[in-house]
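S.K.: What follows is each chain in one-letter form.
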Amino acid sequence: MSLEQWSENALLLAFILYNISFIVYVIAIAGKKWSNRDPIVHVRRWGRVAVTMTVIGLASQITYFITRWLAAGHVPTSNMFEFMTFLSMAIVAAFIILFWIYRLSALGLFAMPVSIILISYAAVFPKEVQPLIPALKSYWLYIHVTTAALGESFFAIGFAAGLMYLLRTIDYTSKTKESRKDSRGIEFTLYAIIVVIGFVLVSNGFKSTDYSAEFTQEVQQKDEQSGQLVPVTKTTVYTLPAFVQPANSKVVHMDSFLGMDQPLLSAPSWMKGIDSGKKLNTVIWSLLSGLILYWILRLIVRRPLGAIIQKTMGGIDADDLDEISYRAIAIGYPIFALGALIFAMIWAHEAWGRFWGWDPKETWALITFLFYTVYLHLRLSRGWQGNKSSWLSVLGFIVVMFTLIGVNLIVAGLHSYAGV
Amino acid sequence: MLHNTKCECGHQNPVGTVLCESCGKPLDDEFGTAPLEMRYDGIARRSQRENPALIDRVWRFFSSVKVAIILIFLTLCASIMGTIYPQENTFLNVDPSVYYEATYGFSGKLYYLLGLSDTYGSWWYKLLLIMIGSSLIICSLDRVLPLYRALSKQQIRKHMSFLVRQRVVYQGQLPATGITAVSFIDGLVPLLKKRGYRVHSDGTALLAEKHRFSRWGPYINHIGLIIFLLAVLMRGLPGWSMDQYTGFLEGVPTQIENTPYYLENEKFTVEYYTEEELPEEFRGQGRAVPKLFQTKAILYECTADCSSDKPDLKQVHQQNIEVNKPLKYKDLLAYQFDFRQTIQIRAVNVSLTDKMSNQTYGPFELNTITPDETYVEGPYVLTLKDYYPEFALNDKGVPFTNSKSPLAPAFIFVIQGPGLAEDGEVFIYFPRDVDKQRFSQDKLNAGIVDKIDIGVGSMQDVSISRFTSYLNIRTDRALPYIFFGGIIFMIGVIMGIYWQHRRIWIRIDDENEITIGAHTSKNWFGIRKELSVILGKAGIVVEPKQLENGVKQA
Chain A
1 MSLEQWSENA LLLAFILYNI SFIVYVIAIA GKKWSNRDPI VHVRRWGRVA
51 VTMTVIGLAS QITYFITRWL AAGHVPTSNM FEFMTFLSMA IVAAFIILFW
101 IYRLSALGLF AMPVSIILIS YAAVFPKEVQ PLIPALKSYW LYIHVTTAAL
151 GESFFAIGFA AGLMYLLRTI DYTSKTKESR KDSRGIEFTL YAIIVVIGFV
201 LVSNGFKSTD YSAEFTQEVQ QKDEQSGQLV PVTKTTVYTL PAFVQPANSK
251 VVHMDSFLGM DQPLLSAPSW MKGIDSGKKL NTVIWSLLSG LILYWILRLI
301 VRRPLGAIIQ KTMGGIDADD LDEISYRAIA IGYPIFALGA LIFAMIWAHE
351 AWGRFWGWDP KETWALITFL FYTVYLHLRL SRGWQGNKSS WLSVLGFIVV
401 MFTLIGVNLI VAGLHSYAGV
Chain B
1 MLHNTKCECG HQNPVGTVLC ESCGKPLDDE FGTAPLEMRY DGIARRSQRE
51 NPALIDRVWR FFSSVKVAII LIFLTLCASI MGTIYPQENT FLNVDPSVYY
101 EATYGFSGKL YYLLGLSDTY GSWWYKLLLI MIGSSLIICS LDRVLPLYRA
151 LSKQQIRKHM SFLVRQRVVY QGQLPATGIT AVSFIDGLVP LLKKRGYRVH
201 SDGTALLAEK HRFSRWGPYI NHIGLIIFLL AVLMRGLPGW SMDQYTGFLE
251 GVPTQIENTP YYLENEKFTV EYYTEEELPE EFRGQGRAVP KLFQTKAILY
301 ECTADCSSDK PDLKQVHQQN IEVNKPLKYK DLLAYQFDFR QTIQIRAVNV
351 SLTDKMSNQT YGPFELNTIT PDETYVEGPY VLTLKDYYPE FALNDKGVPF
401 TNSKSPLAPA FIFVIQGPGL AEDGEVFIYF PRDVDKQRFS QDKLNAGIVD
451 KIDIGVGSMQ DVSISRFTSY LNIRTDRALP YIFFGGIIFM IGVIMGIYWQ
501 HRRIWIRIDD ENEITIGAHT SKNWFGIRKE LSVILGKAGI VVEPKQLENG
551 VKQA
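Residue numbers (the numbering used here), protein chains in the order written: chain A, 1 to 420; chain B, 1 to 554.
Isolated chain A (complex conformation):
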């Protein structure tokens, strides 16, 4: 077996172990109400099993990381697949650190899914080891990307604990405006998570069936030589069935999906960005599959999803969750500032000749930093602990994810190679 295969298998093993450990966390937390057992003993025993599985999974993922490093000759953080798997690994590590401090195994119930979803999300991108382009040939690639990801992983734990706090404290029996707002917010957050799951399932599903549809489009492009606009025919290949074709495009061929062999709609003509029709189609697929998944779950449990999760959370101290969330963010903040801003500035200075250039990715790193700066300052104020700061930790993680993924999808800049 080649080193690269070893590495792939180690990642697969880690992924399986994470999933199993998640199930064990569910057993540990939800099973404490089962008959003929002492809940405290049950949680402790099964929690220990779950954490052990997590640690073995982490070891396996570290093996993946090191073997891929050896195989590629560079630290595997150079494209979206590598970065996302690294981030998922860092999140598990951050979870283990916070578990080690607070001994709250229930945290795994929320931390593990974040990591599992990120690994599956990574699988959507090309897995092959790619050689480095000159811009990435620097040891700052390792230092900047890994430190930034480590900081973000603590924000992820802050998010997990914040979400747990909200689920733990929302009063589903109350009819006040606040608790209804909270409940809707929670459902929306859960729906957003399910959308990501939907995207991952749909993408990987159609990838395995080799679905394709091809469109051509006449676009005006600036000619390098003459500097004039000349018409160019551009081809876009979809890997998801097209609800929406690119604006002003012709169908070259389209595999049939459930009898649909023509796109239903065309993207609006003002969408002129690179691949914007394809991205719009992907967004529609994600939202739709998320909606279907969400309603299937709702029909099964017949109440808000938050209410059913809340049932498992009895006995967990809400103040502890609030503190874990705050602590995780406080631990992550300096690491993030160092990695995503200071090291980024040093590398930008080395590679591009300016330490700061308002590139969208850079700016969004600053926005993330400002957001958590606001969070930390608000924590000092009265009335911002608990509910409000938990919402901030949820919102903050959305900002982090937008910086990592959204910027690449919507506003590419100098970091666009990270999306390849």
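Keep in mind that the hints are not guaranteed to be accurate.
30 Å max Cα-Cα, derived DSSO-like pairs, lysine-lysine [stated by the list, open to error]:
#, chain 1, residue 1, chain 2, residue 2
1, A, Lys137, B, Lys291
2, B, Lys314, B, Lys325
3, A, Lys177, A, Lys311
4, A, Lys32, B, Lys529
Hints in this document: simulated from the structure, not taken from any laboratory.
Just so it is clear, the structure is predicted and the values come from calculations on it, not from any experiment.
Once you've looked at the hints, dock chain B against the given chain A.
M.R.: Quick look at chain B alone, frame taken from chain A:
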């Protein structure tokens, strides 16, 4: 309105004090039960002065954390606005007043008109940063001095209501009979010291404190940020920063504008990954993945004749410039930015042949960038009458040059010597064979061509520049200060977050009643656990969670 700010312990507190500076008794909410607001130890800040003058009002505005948070939030929102469409500075040679509307339609026009197309260079964005800077300075000054004063003269025995209104509280009796208050306190001292506390006791009361330095973390990180922002401002000073893009043709030392330096691109290399080095997916698609861009650079300093064609150059530095490996020499930085294939003749080593005697003179070098005015070869004198780097004829048949780049060089000589007319005869020489044919060199030289010829022996006599390497030339003198500010910021943040200022107050009343209050700047879980362990060793068994003040915070 005047408050009586004298505490019952006899201490005279400044107006605005929340907790007595000496004994800690809450002054404005004496009979409350909620945990105390311990920020800045309840000291009076400058911003709380009565009857404020204008300067006090400005001070009060900027000293507010709430204002600071709003400013940060506004900057955050403004920064987001700036990422909606590409900013003006990402384009070269684009007229923004046309571009945004043409590309994005009405929303693009609006974006431009609102000034969002240059968000980060706009006056209001800069104003926000300046206001954050002022807030950083004033917030810090407003708090750090009074806090320093409060922390450096702490009383050991605190007021009872100060202790029981801490977030971590314990009340109970001495663990066993026979232990006196003094011996219990004495027994705690080594336990606390072992955990890194500095302990002060006065017999029946005790104050243990550790990691006070972490309280200075926020102020240090603010100082770092202020240095950073000032350094960024300083970049605007003349001479502090330079940023230009220059093309360097292979083999031609070119002056770096506004500096005494010349840089020569000795050789430019571009390499692409071979098919074998690419992952399988990429193969056979003709995809060119670059592997290396490298400029072999020599840096010269001009010592004399700097503005002339032939400056006196002294080599001062030599380096291969690659992406991620800029040239560094004193203040000067040169970055690999771009390249273009620009195949052109840099110089030819020609010989002059006297066709009548079949004698050859030379070779001598014709430089296509800065040719000499006369060449003396054997009995012949060649005077350069005209030189066209990119020769062309207009519709009237008059020669002109298309550009200054030697893409189709033409040398027009007046040659004097044996067998030629007294005041010389004109000879037009095209180094490139293509041009020789295109402009029919032999026809132009009719007459003289039977007597004289100029030409190269082989391709080795032709020096060719294949590439122009574009370098980004910079100096940034503020850089050390910027990174210094960054380091100070990091030190401050780490001090303030990874360590916490913990204090434990213990007093024993009536020889038996223990009251403990504890405070930490962060991480309440940690201090409860620590206190529980310490008390456990002293014989008092209490779960960490039980130490939490029963009164929930509002």
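S.K.: Each hint: holds or not?
M.R.: Now for the hints, and whether the structure bears them out:
Restraint check for Lys137 of chain A and Lys291 of chain B: satisfied, since their Cα atoms lie roughly 9 Å apart, inside the 30 Å limit. Of the supplied pair hints, the one linking Lys314 of chain B and Lys325 of chain B holds, its CA atoms being roughly 23 Å apart against a limit of 30 Å. Between Lys177 of chain A and Lys311 of chain A the CA atoms are separated by roughly 22 Å; this keeps the pair inside 30 Å, and the hint holds. In summary, the hint linking Lys32 of chain A to Lys529 of chain B is supported, as the alpha carbons are separated by about 26 Å, within the 30 Å threshold.
When each numbered hint is compared with the structure, no violation occurs for any of them.
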